[in-house]
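S.K.: Spelled out from the first residue to the last, the chains are:
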Amino acid sequence: MKKYNKLFLRKKLNDENKMTLFNSVSFRFVFFVMLLTILTGGIISFTTINISRNSIRQEVLDHNHTQATLVAEFTSDLMEVIQANIRSFSTRPLIAVYIEENDMELASKMLRELVKMQIVLDTCGLYDINGIQVASSDINATTIGQSFADREWFQQTIATKQPFQSVPIKSRVNSNAVTPYATPILNEQGQPIGVFAGAISLAKLSEIIVNTNNNLDVSYSIIDIRNGGVILANEDSQLILTTLSENNSIVALLLKDESGAIESTDEKAVKELIGFAPMSNLPWGAIISTQSKAAFSVIDDLTKTASIISIILVLIAIIVSGLFILRIMAPIRHLIDGTKEVGKGNLEYKFKITGIGEIEQLSRSFSDMTESLKVVMISNEELEQIVKERTSQLEAANIELESFSYSVSHDLRAPLRHVHGFVEMLRNHLQGNMDEKSQHYLDVISNATKDMGQLIDDLLSFSRIGKSQIKNVKVNLNLIVRDLITSYQSEMKNGNVKWNIAELPDISGDNSMIRQVFGNLISNALKFTSLKELRMIEIGFEPDAEKKDYVIIHIKDNGAGFDMQYIEKLFGVFQRLHSQNDFEGTGIGLANVKRIVQKHGGRVWAEGEIDEGAAFYFTLPKYKEE
Amino acid sequence: MTKLKRILLVEDSINDAELTLSALESINLANKVDTVADGALALDYIYCRGNFADRPRVNPAIILLDLKLPKVSGLEVLKELKGDPLLKRIPVVILTSSKEEKDIIMGYDLGVNAYVVKPVEYSEFIIAIKQLGSFWAIINEAPRD
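Sequence lines, in order, name chains S and U. Everything in the first sequence is counted per numbering that gives the first Met the number 0, starting at 0 for the first residue and increasing by one. Everything in the second sequence is counted per numbering that gives the first Met the number 0, starting at 0 for the first residue and increasing by one.
FYI, nobody ran anything at the bench for these hints, they're computed from the structure. Possibly wrong hints are sitting among the right ones.
To be verified - Computed footprint of chain S on chain U; a stretch qualifies when at least three of its residues, placed anywhere within it, have a C-beta under 8 Å from a C-beta of chain S: (1) 10 to 16; (2) 43 to 51.
As the list claims (entries may be wrong) - Going by beta-carbon spacing under 7 Å, a handful of chain U positions derived as facing chain S: (3) Ser96; (4) Val119; (5) Lys129.
Here the structure is a predicted model, which means the values were calculated and not measured. We put the beta carbon where it would ideally sit given N, CA and C, even for glycine.
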């Protein structure tokens, strides 16, 4: 393990990328299963419950409708019998006689017998043509002799000479809730001589009708649909004689003689399923209502049970899927641990190759990969060693080169100085005693040492450029160009040069090096135009199409130019395209220019034609405001 | 008239020494010039020890010091002199062929009084030495011992 460690030290291990519960595959899988079960279970349950609910609603509505129809028929028939009974009683000849003869004792006795026989009747009474009660089935009646002429049933019966079923009222005789049925008593000429009225007890009516209902969740009502619907019969005696406050729509439908079933909400916001049916021979209707809550109690219970079962199923699904995924993940986890170990550099790690199908394959491939990596690592290590050796060799060579250039600077110059010095001393010494030839020889020696001195200086400056680091600052080219031209003009008296200098952009680079580039190129231009009558030097710039953040600068002259055939040699060290006799120079200038420009990441090139002129181009990085 | 102080030239090259001496002669300096050929001898001379044990204990008026010297280098000699409170006021001029920036910087950091690069051109060399000699031996006022 140690062997590879340092190789891995360089790369930062991705340990911050720790696994959390929420991004683990296991969690996501279990979560997915959970979501799936809940979703499918939920949708199925919801649909089933909804369908059941709808069918139950329809069933209850249908049932209540049928029931209402049955109750209406039953009530209708019942009332038919009672009314027939009362009518037949009123047509007994004796009744007319009793009224005419005012024999109230016998009449009362007959009335009592009728009430005894017809149990639905609460009381009954006889009334003369003026509405005065003349007899009552109630022995304790205090109403005998009182007028009932204000009663609707009395007025209707006398006016129409037809029997009349009254709206329900409170009996004036005994305060019971009743619905009187009145029939006229006619004489032989068919003229009314009085009225016989039977008060049908609503309590008893309720008893009979409610008896047919044995379902607690269902409420049976008989209503009189006149006056907005007054309850005639209900299992709750409190409701009798009260007006229906809701279900006006039902009363309206009953008034139109329609039957049916609707879902409705009462004033307590209780939902009810209501069936209703009118009666053929009476202004009455039967209403059967079931509270929705009761109707749906079964389905609600079922929903509760289903929910509990669903939760249990979801839990089971989670547990099962959890166990399943853990079983699958175990070898993967092992693989992860293994890859981490390998990542840390432990290439000796042994993978346990277990798991199903793809996972086993993955383990195997990874194990193989580790093996291959080991081989690569070893060769890498060897390479590293080689690089290290080469680097130290190179460093040594560099140091050697540096001390070499120091030696050149110091030691080569000394003998040169001596040669030159002693030649001069000799010249002084021989003053006057020298022939022309000796003079010439001494001149040659003297000039040669001067040239050699220049060569040494140039070589040193060239190697210095190679070694030195660039200090990147904002460089004002206009300032440099102006300074250089001024200094050359005073030095070389080049008054007849026609300068054409553009306003140059600021560039980013090493100020003294850039100055050297311009110095070399401008002095070259001056040098090579020195034989021309009209000397022209142009300095300008243009954008660099190749590198957007660079700018191309050019210096053109109309001087001696050069042969493009030798362009390759132009920028070489100590390469000259002109003879020393024509133009002075060691041939280091352009080599320095090239080196400096390249150190700034730029390129340099030239165009020329013999005796027509030369153009030098170089690129430098534009200065960018930070 | 007090005895004039001497000038010490530390130069390993006989040729250079001869050239320098000839230049100094040409300005007719009254000061005598002593020449030593390496750094160790230079220190012996200054401290009046070894071969120079009998030398009168008078500091030289100026030391002309080459950098590249056998045994003890010019910079080491300079360091020793400028580190000694009794000797640090002696004017020291480095007279060398080296234009190396690091030598110049090192020299000034150690407290050299002037740094002169020997010109290759003889006439320039003569001019430099003449100026150097007249400046340090005549114009410049050094503290008295």
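S.K.: So, for every hint listed, does it hold in this structure?
M.R.: Evaluation of the provided hints:
Closer than 8 Å: that is the beta-carbon criterion, and the region 10 to 16 of chain U has 3 residues meeting it against chain S, so the requirement of 3 holds. With 0 residues having a beta carbon nearer than 8 Å to a beta carbon of chain S, the region 43 to 51 of chain U misses the requirement of three or more and the stated coverage is violated. Interface restraint check: Ser96 of chain U against chain S, minimum CB-CB distance 4 Å, threshold 7 Å, status holds. For Val119 of chain U, the interface hint holds, the least distance from its beta-carbon to any beta-carbon of chain S being 4 Å, beneath 7 Å.
Restraint check, Lys129 of chain U versus chain S: the minimum CB separation of about 14 Å is more than 7 Å; hint violated.
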